[in-house]
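Asks: Residues per chain are reported as follows:
There are 2 protein chains.
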Amino acid sequence: MSIREHVMKMKEASPAMASLPSEVRNAALRSVQEALSAHREEIFAANREDLKKAEETGISAAVVKRLRFDEHKLADVLAGIDGLIGLEDPVGRVTLRRELDEGLTLVRVTCPIGVIGIIFEARPDALVQISSLCIKSGNCAVLKGGKETASTNTVLFRLILDAVSGILPDHCLLQASAHSEVDELLGCDDCVDLLIPRGSNRFVRYIMDHTRIPVMGHSDGVCHTYIDEDADFEKAIPILLDAKTQYTAACNSTETLLVHRAIAERFLPAAAARLSEAGVRLRGNAEAAALIPQIRKDDIMQEEDFSTEYLDLVLSVRLVGSVEEAAVHINRFGSHHTDAIITENKEHAETFLRLVDSAGVYVNCSTRFADGFRYGFGAEVGISTGKLHARGPVGLDGLVTYKYRLYGSGQIVGDYASGKKQFHFRDLPV
Amino acid sequence: MSIREHVMKMKEASPAMASLPSEVRNAALRSVQEALSAHREEIFAANREDLKKAEETGISAAVVKRLRFDEHKLADVLAGIDGLIGLEDPVGRVTLRRELDEGLTLVRVTCPIGVIGIIFEARPDALVQISSLCIKSGNCAVLKGGKETASTNTVLFRLILDAVSGILPDHCLLQASAHSEVDELLGCDDCVDLLIPRGSNRFVRYIMDHTRIPVMGHSDGVCHTYIDEDADFEKAIPILLDAKTQYTAACNSTETLLVHRAIAERFLPAAAARLSEAGVRLRGNAEAAALIPQIRKDDIMQEEDFSTEYLDLVLSVRLVGSVEEAAVHINRFGSHHTDAIITENKEHAETFLRLVDSAGVYVNCSTRFADGFRYGFGAEVGISTGKLHARGPVGLDGLVTYKYRLYGSGQIVGDYASGKKQFHFRDLPV
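Top line first, the protein sequences correspond to chains R and P.
Residue numbering for the first sequence follows the working numbering, beginning at 1 and increasing consecutively.
Residue numbering for the second sequence follows the working numbering, beginning at 431 and increasing consecutively.
The hints are simulated quantities; they were obtained by calculation from the structure and are not laboratory data.
Everything numeric in this text was worked out from a predicted model, so none of it was measured.
Do not take every clue at face value.
Claimed, not checked - Output of the computed footprint for chain R on chain P, the stretches with three or more beta carbons under 8 angstroms from beta carbons of chain R: (1) 640-648; (2) 780-792.
Stated by the list, open to error - Listed next, with one range per pair, are the computed distances between beta-carbon atoms: (3) G419/R <-> E614/P: 39 to 49 angstroms; (4) E304/R <-> E614/P: 19 to 29 angstroms; (5) V860/P <-> G58/R: 50 to 60 angstroms; (6) D232/R <-> S452/P: 25 to 35 angstroms; (7) I489/P <-> E304/R: 47 to 57 angstroms; (8) E49/R <-> K776/P: 48 to 58 angstroms; (9) E304/R <-> V860/P: 19 to 29 angstroms; (10) V860/P <-> Q302/R: 25 to 35 angstroms.
Heads up, the beta-carbon is just placed ideally off N, CA and C, and yes, glycines get one too.
Only chain R is shown next, with the shape it has when bound in the complex:
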């Protein structure tokens, strides 16, 4: 069967999948959990194969860490499934109940999106998380993971599929493996409701440019930390270090430091010393470089350089004259992901939160908090830098849509158009 034929069958199965009661979806998750636990040795063996291949191609230690699926990662995903089972059902929630007229009641109720295609990086734990989120939210899913963990993914997917067989409808899950299958998937705009690509900015753009299917992806993470003139340096320096160095490869790491001119001379030398000690290379425009001896001549930045995402121990620095100017810089050069102000001045904080047009706007904490787990969502399927449907870390709420149910008793529009009847719009408890 081609991907298209498979996905057409998935589309046909999706209303049945969407209609399952919560208990059945949770039972499927429990079954997945048991299967992964029971077959751990098989998973680890497949993962060792992937790691061996990866090491032969001379992959970095950081990447190996992501590819590895061991007892520790297994315990994490099993605990994740536990958490997910315990979360409130995102499906079937009534968000509006309104009597339009006597015997004519409108009810808005959440429901699964339908068929979701998710293309993700080489991380076996992501495969388990994503399929669990889709099962919990009643969605059918096509999964395509990074090729570096192909063996692990194949075993994991087979175990998951076997575990849900007989509990969930056939065809509710599908694994794509070849890259050509992704291109085939992009053409399925009549049977796939949403694509979630995770990966590089370039990759997400490629997906957007080659499909009519709505895409919820994050482009990149050019996050800012702005040190206001009323900042408490005791908070500012640890936050900045955490935001830059705690995990540089994450999209929520700070890439640009903005500093208010009034405190730049006091703040920058101390901050630069601590950042340099932590191995951070500093870059900045001429004005910033004049205050930071650690900035080398070839690291003096031009205007357009400020949209760079490093994902590394490198930090851009710029001075600004006000919180408003900081917001203008962030809105222009940032990626609308997550940006923080460090200040003790409540008015400045509120101005920043209002003017900065990003999914996450923070006061006095690290941009690294932008994450579904840290927000208490149980898990995330990705972080959206788009503004529509879901913004920021996307958990179960982002995987559902809604329907309007209208319960009538013979009403016709003609009677309202003619004035024979009138709507009275009365909201009822949901």
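Dock chain P against the given chain R, drawing on the hints supplied.
Replies: Positioned in the frame of chain R, the structure of chain P alone reads:
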């Protein structure tokens, strides 16, 4: 200034527009209302010009009715603005408040989307409605109306712009007039957050295929009315007549009648007689045609014909064996807009509501109810047949997104990663 230069300025103005308090946005709406009322003669004169041109090109009476902007239409739009002023502010609503840890509080709050481009049909009242909705929701808007009402639109837009001048930020509204300007707008994916095209299916597809900007449009309206075996014919026939004939050009008119086989022989002759009397031409597959003498030989339909949107006094008819089979037909041939079941059987009704994958799923009432006004939304900017962000009639709720505000007091992720601190996730009242 080119459209792009204009829209870049609009993008810069959008954080200020988004930050305005509710009172200011309502004051702007009041000012628009007064200006339109005071300059009515100027508007009507411009509209007479448009009508004269339209009549010269031999346009139909139905279209003339849409183009006309007279005392009656003015009264409607002024009342509409009144209603909008009275509606709760969609901006600044807190939808989640969660303490992640001591002194670290996450708040999800609604905010305007930013810059919205709306391309709509030749209806001067739509220009007023759409700009009012955008003002109320704190969004900047680029408006492009149908060319047949260019003179009326130009006067209306100038009056609106003058009325909000000094109340709202400069550059918050822009009128595009030439078709080439639409193409220019499609390229502005770095400064337009959302496009809402209203018009034909082909037009919406064109927009989707030529832009990276997210599009919220409706493709078409292939709505169904399914007469269940347990239908009350006393309800079914008036509902069917209303759904087909009350306003045939609307996207929520029924295009296909599905009838359960068990009652087809009793229901169809009576229904067909009433529909024929009302001027409806009936089409159907061979099985339906065998029961409906009014179906002419060349109106016998093939499978693929059932996805036709007539927008006219024409109705497709098909027999099905169960509510499940009706849902399969609707999901396959429909446009996921609005579909109704007529039944006295609650179980059948619930099965239909669950299995039919449409924005509106109705029991015992006309599909024509799918409309923002009839849902009590005050007004609508369009009806979305997509599933993401907003589905069905889109009112103010569909014109906002949200931000996550995180209020900290020096927290860093490193402390949680090392286990030194733990999240406690406590939801607070919103």
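Asks: If any of the earlier hints don't hold here, list their numbers in rising order.
Replies: 9 and 10
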